[in-house]
Amino acid sequence: MTTATARHRRLGLTDDEAARIPELLGREPSDAELVMFSLMWSEHCSYKHSRPLLRAFPTAGPRVLQGPGENAGVVDVGDGLAVALKIESHNHPSAVEPFEGAATGVGGIVRDILAMGARPIALLDSLRFGELASPRSRHLFTRSVAGIGHYGNCIGVPTVGGEVAFDDRYEDSCLVNAMCVGVVAPEGVLRAAASGQGNALVLIGNRTGRDGIGGASVLASAELDEDEDKRPSVQVSDPFTERKLMDCCLELAGAGALVALQDLGAAGLTSAASEMAAKGRVGLDIDLDLVPLREALAPAEILVSESQERMLAVVEPARLDEVVAVCRRWDLDATRIGSVTEGEAMVARAGGEVVADLPARLLADEAPVYEVPRHPAPAAEPLDLAAVPEPADLAAAWRDLLARPNLASKRWVYERYDHLVGANTIRRPGGDAAVVRLPGSERAIALTTDCAERHCELDPRGGGRASVLEAARNLACVGARPVAATDCLNFANPEKGSTGWRLAEAIAGMSEALTALSVPVVSGNVSLYNESAGRAIHPTPVVGMMGLLERADASVGQGFIAEGDLVVLAGDDGVLDASEAVGGALGRPPDVDVDREVATIELVLAAAGEGILRSAHDVSGGGLAVALAESAIAGGLGAEVALAPGRRDDEVLFGEGGGRVLLTVRPEDEGRLRALAAGAPVRLATVGAVGGQDVAARVGDREARLPLDAARAAHEGGLPEALA
Amino acid sequence: MTVAVVRFPGSLDHDSARRAVERLGARAEYAWHADGELPAETTAVLLPGGFSYGDHLRCGAIASRAPVMAAVRRHAEAGGRVVGICNGFQVLCEAGLLPGALRRNATLSFVCRQMDLEVADAETPWTGGLPSGAGLSIPIKNNEGAWYGDPAAARVVLRYGPDNPLGSTGRVAGIASPAGNVMGLMPHPEEACDPLLGSTDGGLVLSGLLGRAA
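Residue numbers (the numbering used here), protein chains in the order written: chain A, 2 to 725; chain B, 1057 to 1270.
Any given hint could be a false lead.
[Unchecked claim] Below, a list of computed lysine to aspartate or glutamate pairs in the DMTMM-like style, where the Cα atoms sit at most 25 angstroms apart:
1. A:Lys497 with A:Glu532
2. A:Lys411 with B:Glu1200
3. A:Lys411 with A:Asp401
4. A:Lys497 with A:Glu18
5. A:Lys411 with B:Asp1172
6. A:Lys411 with A:Asp695
7. A:Lys411 with B:Asp1219
8. A:Lys411 with A:Glu132
9. A:Lys497 with A:Asp16
Derived from the structure by calculation, the hints contain no laboratory data. It should be emphasised that the depicted structure is a prediction, and the values quoted were computed from it without experimental measurement.
Can you build the whole structure from these sequences, using the hints too?
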């Protein structure tokens, strides 16, 4: 093997990929060019293993102003406002250094929203770690939460929601997915495409250093090896500069001073510049000697450094002084590092020499595309209930479930995040979905992230459907109609085993549900190779979804409101397969009936629209019993319900799935609720009433009863106790 | 009535503070940290929450020496009303306009929580005329919010209820200058001025900005 081939392998390129480069260029690449290709052709930047599969997602709709392919998707929400949204992973950096990894994950997604010209107004985080009995998982979890809080709190964007789950399968490969949404006037949406020969290319923000070099390739696009120290590949966060960058870029965007804007994320300047050039079908001429440096760097290092809090703007020469002056006012560096040129060549110079000169599209658009092997996994068998011991004491089992870290209150997490800043948070974390007022409007948006990863493990298509439907149901429970989705597909190594099949199946299932809901995917991210020698993660296609409320004051909460209100269960039976009660991905849930679940979601929306819902709560982890207790705890009021017997009592109480929602209405509104459901494939059952200071559920002649105080103590204490 | 809302690099709550002031019927104007003067028509000053200068050195330490603070000091010394919220409270303590200091929370973590407060001194303009012992509900969100000092040397205006996760001396949530015209508090009244957000008690605090100078 020659040293040259050894070099491309060290950079993460395959032999075939390295052979393709001279064919495309018509010559051997320079050192800097080879490094640029290695980053831009990494899975993280090019989606080379997932791109063909992603085409299955529905991406069009009347509200879509910008679909996938930009820094973020944008949808019109009426009232002269649009919302930009995107979710992205920062899994591998967080596994190496959780505080900085999670913090810079937040910073990156915020800049994606900023690049659309949108003001970030809310953050959510979807997290997965190993069981908290593991000291390593406790460390990764608590430090990731600290990093998210540090960054989000300092930049003044409220962290309003998200989710966290613990499962042994994430012990070696934790997941940190961050979602951001921002508001922008539809006519103010910025895009990344460079244009205008002679326009200036301006680098704004932090100086460039050695941090994060190779992050997209050696870190994000390969399995993590236990004994390899990859810490130098993790970026370092500076939220104070990010806040100034936000204020500054929004001021510039508002003044119409920017032709195009792009954040510097994975693969740094190489990625930002080549994507701007390729999208605009123009060339760029960059003088690397002009890039402000924190330390001495080689030209190739400047090209791929992932130093944080930097943006790249295209500015007309006549407005350059104005742009620099605004940046100075915010104590930010703003440096003209090059110009837009005719043609399609991205040229980088250093010390008077050309170090790279190649068509930008080769980097941005010509990465190889791989069909992943699609070996189906053997179909899982439904649970044999005879082999699952039935709890002797249902009330004790109920209390234990409420205290499980996966089901317990996440107050320990969200109280560490500023979820209020901006004075727009109408429904705070802890409910089915957060509700955030759109500034200057009567309207509000609802936000959630969800994933049914255990279901995906047993049946990826069904799990894909379930993930989307749960997100939509959560939005409906606060009274918001789902309007757009963003997704983060976290999977294991697609080149191994059944992972490619699972990825395709999950996307197919998600697409079926999204189509039935008329919800387009407007942005997304793929994170592969989440596995180590011993363990692969569950397929984890996280769905971030946004809903719209026409009236900000019309949202619905999950807590019971008043004694005497009727408790109504909408939806089908749950099962113990893949439930928290059996503790993992066991069995096989029945097929997810998309039409029936969508009908239930429509019923909840209709009832919310008529103002007859007193409360609504998605029945998810821990089943009906846990949902009942959560609504009681949130409202400070108990409830008594009686459930139809005929199946095992623990399955009735703790079974999951079935697309169910727990509703309460005034007794006089029950008839109206039933009228709204008439003719729809929705099963409705009035199961009891709100009242008292106990939560009690009767199945046949057996009753489980918990004092509200005991339920609350278990639910609130579960997570702190698991960390103690 | 024009309230100058001071903006430092890293201020976060200036916009919600401006909206809260406008909701009370007053005008709000931003004052820039690097300017030596407040807007000409200023009748009261609000130092909003945030992470001024990235909390570098010590929370509020750099902001307390910003050019605009000389003008804020002149305004306060002339008897003008000044309120500092969260980071603004830290700035006022660092500037010596209020006694004591803000230390790391006893939880050793950021805490964002709706809090029960009680009026400890009904004689200042900052509690809307409520009697001593009356309750208010306003959220906190901070990392260094534990006021430390001699309660006898301060005019304690607001205290936390029994739940004092920050660990402040004497459950102090907010204090005023001896004359009562300068007020600092860790809870965020601008987050509690709208029924949609769950509480309007913050308006009682901010209405102190609208009264006549002493």
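Hinted pair Lys411 of chain A and Asp1219 of chain B, Cα distance within 25 angstroms = Status holds; Cα separation ~19 angstroms.
inquiry  = Given the hinted pair Lys497 of chain A and Glu18 of chain A, is their Cα-Cα distance within 25 angstroms?
reply    = Answer holds: Lys497 of chain A to Glu18 of chain A is near 19 angstroms, not above 25 angstroms.
key: Pair hint outcome, Lys411 of chain A versus Glu1200 of chain B [Cα-Cα no greater than 25 angstroms]   = Holds - the C-alpha atoms of Glu1200 of chain B and Lys411 of chain A are around 22 angstroms apart, at most 25 angstroms.
query = Between Lys411 of chain A and Asp695 of chain A, does the CA-CA distance stay at or below 25 angstroms?
reply = Distance of about 22 angstroms is within 25 angstroms: holds.
inquiry  = For Lys497 of chain A and Asp16 of chain A, compute the direct alpha-carbon distance and say whether it is at most 25 angstroms.
reply    = Judged against 25 angstroms, a Cα distance of about 19 angstroms means the pair holds.
key: 25 angstroms limit on alpha-carbon distance, applied to hinted pair Lys411 of chain A and Glu132 of chain A   = holds, 15 angstroms
task = Take a quick look at whether Lys411 of chain A and Asp401 of chain A sit within 25 angstroms of each other, Cα to Cα.
result = Roughly 16 angstroms separates the two Cα atoms, so the pair holds.
inquiry  = Lys411 of chain A and Asp1172 of chain B were given as a pair; does the straight-line alpha-carbon distance stay at or below 25 angstroms?
reply    = holds, 21 angstroms
message = What's the verdict on Lys497 of chain A and Glu532 of chain A, does the C-alpha distance respect the 25 angstroms limit or exceed it?
response = holds, 10 angstroms
Of the numbered hints listed earlier, not one is contradicted by the structure.
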